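Keeping the supplied structure of chain A fixed, place chain B upon it in accordance with the hints.
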Amino acid sequence: MKEIFEILEQNARATPEQISTMVDKPVKEVEKTIKQAEKDGTIVKYKTIINWPKLGKEDVWALIEVRVAPQRGVGFDAIAERIYQFPEVYSAYLVSGTYDLAILMRGKNMQEISSFVNEKLAPLEQVQSTVTHFLLKRYKENGETFHLPKETNRRLPVTL
Amino acid sequence: MLNTKSTATKARDSLISQKVATLPPSGIRKFFDLLSSVEDVISLSIGEPDFVTPWHVREAGIYSLEKGYTMYTSNSGMPELRRELAHYLEVRYGVSYHPEHEILITTGSSEGLDLAMRAIINPGDEVIIPDPCYVAYPADIILAGGVPILVPTNEENNFVIRTTDIEARITKQTKAILIGYPANPTGAIMSKKEADAIAALAKKYDLLVISDEIYARLVYGVEHICFPSLPGMKERTILISGFSKSHAMTGWRIGYVAAERRFIQALTKIHQYTMLSAPTMAQMAAIEALRNGEVEIERMVQEYNRRRRLMVKRLNEIGLSCFEPKGAFYAFPSIKATGMNSEEFAEKLLVEEEVAVVPGTAFGPCGEGFVRCCYATSLPDIEEALRRMDRFIRKSGLNTV
Numbered sequence: 000m001k002e003i004f005e006i007l008e009q010n011a012r013a014t015p016e017q018i019s020t021m022v023d024k025p026v027k028e029v030e031k032t033i034k035q036a037e038k039d040g041t042i043v044k045y046k047t048i049i050n051w052p053k054l055g056k057e058d059v060w061a062l063i064e065v066r067v068a069p070q071r072g073v074g075f076d077a078i079a080e081r082i083y084q085f086p087e088v089y090s091a092y093l094v095s096g097t098y099d100l101a102i103l104m105r106g107k108n109m110q111e112i113s114s115f116v117n118e119k120l121a122p123l124e125q126v127q128s129t130v131t132h133f134l135l136k137r138y139k140e141n142g143e144t145f146h147l148p149k150e151t152n153r154r155l156p157v158t159l
Numbered sequence: 000m001l002n003t004k005s006t007a008t009k010a011r012d013s014l015i016s017q018k019v020a021t022l023p024p025s026g027i028r029k030f031f032d033l034l035s036s037v038e039d040v041i042s043l044s045i046g047e048p049d050f051v052t053p054w055h056v057r058e059a060g061i062y063s064l065e066k067g068y069t070m071y072t073s074n075s076g077m078p079e080l081r082r083e084l085a086h087y088l089e090v091r092y093g094v095s096y097h098p099e100h101e102i103l104i105t106t107g108s109s110e111g112l113d114l115a116m117r118a119i120i121n122p123g124d125e126v127i128i129p130d131p132c133y134v135a136y137p138a139d140i141i142l143a144g145g146v147p148i149l150v151p152t153n154e155e156n157n158f159v160i161r162t163t164d165i166e167a168r169i170t171k172q173t174k175a176i177l178i179g180y181p182a183n184p185t186g187a188i189m190s191k192k193e194a195d196a197i198a199a200l201a202k203k204y205d206l207l208v209i210s211d212e213i214y215a216r217l218v219y220g221v222e223h224i225c226f227p228s229l230p231g232m233k234e235r236t237i238l239i240s241g242f243s244k245s246h247a248m249t250g251w252r253i254g255y256v257a258a259e260r261r262f263i264q265a266l267t268k269i270h271q272y273t274m275l276s277a278p279t280m281a282q283m284a285a286i287e288a289l290r291n292g293e294v295e296i297e298r299m300v301q302e303y304n305r306r307r308r309l310m311v312k313r314l315n316e317i318g319l320s321c322f323e324p325k326g327a328f329y330a331f332p333s334i335k336a337t338g339m340n341s342e343e344f345a346e347k348l349l350v351e352e353e354v355a356v357v358p359g360t361a362f363g364p365c366g367e368g369f370v371r372c373c374y375a376t377s378l379p380d381i382e383e384a385l386r387r388m389d390r391f392i393r394k395s396g397l398n399t400v
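These protein sequences, in sequence, are chains A and B. As numbered in numbering that gives the first Met the number 0, residues 0 to 159 make up the first sequence, in order. As numbered in numbering that gives the first Met the number 0, residues 0 to 400 make up the second sequence, in order.
Honestly, the hints are just simulated from the structure, not real lab data.
Restraint ranges, calculated between C-beta atoms of paired labels, are given here:
(1) Gly67/B to Lys139/A: 28 to 36 Å
(2) Glu323/B to Glu16/A: 17 to 25 Å
(3) Ile15/B to Gly55/A: 57 to 65 Å
(4) Lys18/B to Val26/A: 50 to 58 Å
(5) Phe145/A to Lys335/B: 41 to 49 Å
(6) His86/B to Glu16/A: 38 to 46 Å
(7) His86/B to Lys31/A: 41 to 49 Å
(8) Phe145/A to Val19/B: 43 to 51 Å
(9) Asn117/A to Arg290/B: 48 to 56 Å
(10) Lys18/B to Lys139/A: 46 to 54 Å
(11) Asp32/B to Lys27/A: 42 to 50 Å
(12) Trp51/A to Gly93/B: 49 to 57 Å
Listed next, the in silico DMTMM-like pairs over lysine to aspartate or glutamate satisfying Cα-Cα at most 25 Å (straight line):
(13) Lys53/A to Glu140/A
(14) Lys1/A to Glu297/B
(15) Lys46/A to Glu383/B
(16) Lys1/A to Glu143/A
Because the structure is a prediction, the values reported are computed rather than measured. No residue lacks a Cβ here, since even glycine has one placed at the ideal position from N, Cα and C.
Chain A extracted, bound-state conformation (with noise of 0.2 Å):
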């Protein structure tokens, strides 16, 4: 059953037919099982990892680091919650060590970012202090690679 689903995680386009071969499991038994995931959020949602800057489309990504003060009865959750709604927020992490949240946030340029900053998220209450990282450059997301070129191309084309 993992098996189907560490495939998906790889391949969203995999059909239940080919994922029916490489597990050996009806095709039924895999449409199922999918379709229960989706229904059950086990599958989140389908999407696509696209090398923006290829196509000249350069956004502005920033880490954020925020200290918060927790509240009585619901912790960091309720902060986070606030903040996470923010469609600029890309992803967020609540992370042990000096800081409380880990913000990643996408923008069109630095003024997008920086207004984010100063007029959402420094002005909340619970906000104690942000610490802003602005990335330049991207090596790894995601468990791909961006830059390395590809690696399978290397071998002759016939050995016995």
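Relative to chain A, chain B alone:
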């Protein structure tokens, strides 16, 4: 492999040893040349993993260079690596080798095979091999002055040599049986029962067994039978293996031989005059591979298994009946239904649909009627290749079932 027709080379160069001059080049040279002239080929004719060596292993190799491990090691290989190997073979297969006297680190398993042949063969000695088999088997036997004796195998006997067929070919000159399971090119594995039968035969006729187990880790849904682990077989088996297939380390050239002391001593004699020692960097990387490589092996095996199922299923669907390969990364479908011979099939497929497969005849006369398709290739490439093969077969209007 040996194409007897091309043996009679014209105008033999007297400066080249006769043995080498008459040793035919790999039987499908023509096919290779053709292949290099076709662009955009999807190649199913490769005999190595498409994975790059796992990073932790590569990193260990880099570190060894940083630290300046650039000198020879002892002829037998680094003691640490031999200890790791002894431990590995003991834990995994329950066969114990003394790390100091019973293991030799070689420059790939190919060197081990060559050493073994040279160390055991007297002129005219016969070595029994399966047909089809890996191309180096007969060549190494001939170069060592021996005579390869081919034992036919086919789908009916799961491409494993049958003892009755071996027995029929045993003579006073028979010295050894050279087997390699999981097998290249068929993907066949050897069951416990089949292995036991060969073991019994080896005892009965006092034969050596050279067991090439380079694909040992690439088995699907079955346990690999390590030949020397069979009762009474350690003393008459030379085990040859390496890291190329299990750890995707083909280019590092690192392998090993495990056998009783008298054999290892003999092999080491040749090794010390020819190779001296296996590459030091590769030995350091191999230590890391043995210590921390299991997770990556499992990942690769799982991935191969998915591709294997896809390829075998699709081959059967398009009318090329395919025996279920349970090891290595090859499928060996029959192309008899197309009415073509292996070379013709491979050449036409290459020219018309730009898919490269290896004619079975490259691996021996019994490979006729088959082609070798390697599934160590990305899933999309396998799918596309099979689409093209399907089109090829239908276009040719062939009498497939």
